[in-house]
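**Student:** Build the full structure now, drawing on both the sequences and the hints.
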Amino acid sequence: MSYIEEFSWDDITPIPQNDGGNDAIAPIAYDDDYRIAMEYLRAVMKIEEFSERSLKLTEDVILMNAAHYTVWQYRTRILFALDKDLEQELVWVEFVGQKFPKNYQIWNHREVIVNKLDNPIRELPFIEVMLEIDTKNYHVWSYRQWLVRRFDLWATEVPYTTIMIEQDVRNNSAWNHRFFAIFGRKEVPSDEVVSDEIEFTKAAILKAPQNTSAWNYLTGVMKKSGRPLSDLESFCLTLSNPSSGFKTQDLDITSARSLEVLADIYAEKQDIPKASLAWTLLAEKYDTVRENYWNHRKSQATAKILGAF
Amino acid sequence: MAAQYIPEINKVHNQESPLLDSLVTETSAAQNGTARSCEGLILEGQLPVLNRSAHSQFLQIPLKLALPSAFTGLDASKPWLIYWPLQALSLIDPASIPPDYSARVSASIFACISDTEGAIGGGNGQIAHLASTYAGVNALAISGDTKAWQALDRNRVYQFLMAMKCDDGGFRMHHGGEEDVRAVYCALATATLLDIMTEELVQGTIEWVSRCQTYEGGIGGAPDNEAHGGYAFCGLASLCLLGNPLEVIPEYLDLENFVRWLSARQYQPEGGFSGRSNKLVDGCYSWWVGGCWALLEGIMPSLKMGWVPLWSKADLQKYILCCCQSPRGGLRDKPGKSADFYHSCYVLSGLSVVQHRYRYVDGAREKTLSNWSLSWDYSAEDSAVVEVSVENQIGALNPVHVLPWGVAEKMHDFYAAYR
Ligand SMILES: [Zn+2]
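Line by line, the protein sequences are chains A and B. Under our numbering, the first residue of the first sequence carries the number 1, and numbering increases by one thereafter. Under our numbering, the first residue of the second sequence carries the number 1001, and numbering increases by one thereafter.
Simulated from the structure, these hints should not be mistaken for laboratory data. Check the hints yourself; a few may be wrong.
[As the list claims (entries may be wrong)] Partial chain A-side listing against chain B, Cβ under 7 Å, derived: (1) A24; (2) R35; (3) Q145; (4) E166; (5) R170; (6) F180; (7) A203; (8) Y293.
Glycine residues also receive a C-beta, built at the ideal position from the N, C-alpha and C atoms.
**Tutor:** The structure is reproduced here in structure tokens:
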């Protein structure tokens, strides 16, 4: 353990862990290295020691248990108290991140450091490395949103999601980020931008017509920009034409999601028979595990119409 | 219920959708692998028995033995390591909880209280954390140790909750920590159990939670974040802690879009829930998504949304019993994964949702802050909805607090008596 090798700890009395008595629930049989390091950690945290040796100690503990949020928070306080080189800290965090790609404490830590440093230069490249390891890492995408907003980095974002979506058109995190990149800014996107998004998404849907991520994005964009869903009717009909009902060949229906949107369009137009046919097809053939939901949609739409008379 | 028309909905869907896109990507390859491995375990017309004794043995480990050093990664989650097995055991085998556990639980939780902050941290000597506080208070509630309840300094816990409150109405997890909807849920659930809810504590919070709903309909960890099953439960349960669910849910959520997204979480042929669009099914979402259904079912009849569940309870039961039971005891994410206490807790809590019908009883209690989540009732689910064999029956729970039935009410009322 480098904290022991590099520094003297003679003046510190380690504080043993109190789990709540000898018959505590769920004690952990730690390795000695971890147990002893934690005993020193409790001791220096108690006296709020902000020093090179306590900084080294946090490094050793994090490498043994990166999920230990207290150590991260203590580390931040030491870094700030000693006025340490924060860029060097970011380099170290990159090492920890690649060693423990699922760890999420690093993202909060990084946010605090980068915020103080007031410079995002290292961030996008590191985020990209981490998203290559796990393309849907929730904490990385959330951190990216914070970063973009904090440093006004909007220009890179739509092109970046285009690349991610081309890699895997079903990456829902990339679609969500794209929605943020278009609608998350203060200024409302122009009609042209919205139309481009709709065309981009339709093209993506044609590659994989069942892809729920692209459909959610498409309907989300329509709603957010105030465009009527019925604008999508002819597009949906090219993917699913339920007009021949149950006699239809499977070839006529290539996308359950297009059937769902069609049903919504017909329901909006109060054409309940057509909407009901689409819901019935979903319930009985194309998305049967959600049968109760589709039947519910059908009965709610019918009740609404009856209520109107 | 007997007078109503009962549709035949007690059936499972073991066929994959006839529509599958030919384009292969990382996502579809993973999905295909999971569907195939589940199919291998789903037997037509046969439902395995819940291996109660093996699961119980597994869940009793933390009550009996020291956990091996491989658990060091959970050293900052000690209150969870106490809560998860207790919650799960309470559902499947309450008699197995040793009679002396109560004081042991409270001593173990009190050892996690931060000297400087007064709330509960991830372990001895760690700083206070809202998730640790939630899990720790839940464990104390299960322990029923009223001496410990008495000893808890609620005033300091309240000060900590207020210190975690952010200007925008949300909460952060710990000093210098992240702000998310889990923190909101943990703060509100804790405040309700300890009867320390105030208007000041929740000022602006309901609006903040509302902002976490995304264009997909689900709820993300914070505004603009991707819709996610775990955060969806935290958000919906937060609404149920903040006001009359019959009013606040339709007012602060686009309910139609939420239900659409929630319904899309169930996959076939697996029958289980995924946490996000185009992600894989995972046993723990049996609770995070199933818990949302429990809460919604509790208000649907009053909102004229009918009484038939909008999802397939039979299919979730199938996924849990066929795919989530580890042969060596304990429950798991999916076939090929090992069992753990977290998944055991939330898979079994999900199974409880399958077997019971929860309902919000408007006016069951005085309509005040800190009573909203305690005005629930339940009954066994109708056999027309899902057939539950007698040997698989497990306990009921409070669907807002994720505590064994009656426990949340008891703790809150203990403190309310001091008013
Ligand atoms: Zn899981």
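**Student:** For every hint, state whether the structure bears it out.
**Tutor:** Hint check:
| no. | hint | result |
| --- | --- | --- |
| 1 | A24 | holds (5 Å) |
| 2 | R35 | violated (9 Å) |
| 3 | Q145 | holds (5 Å) |
| 4 | E166 | violated (10 Å) |
| 5 | R170 | holds (4 Å) |
| 6 | F180 | holds (5 Å) |
| 7 | A203 | violated (13 Å) |
| 8 | Y293 | holds (4 Å) |
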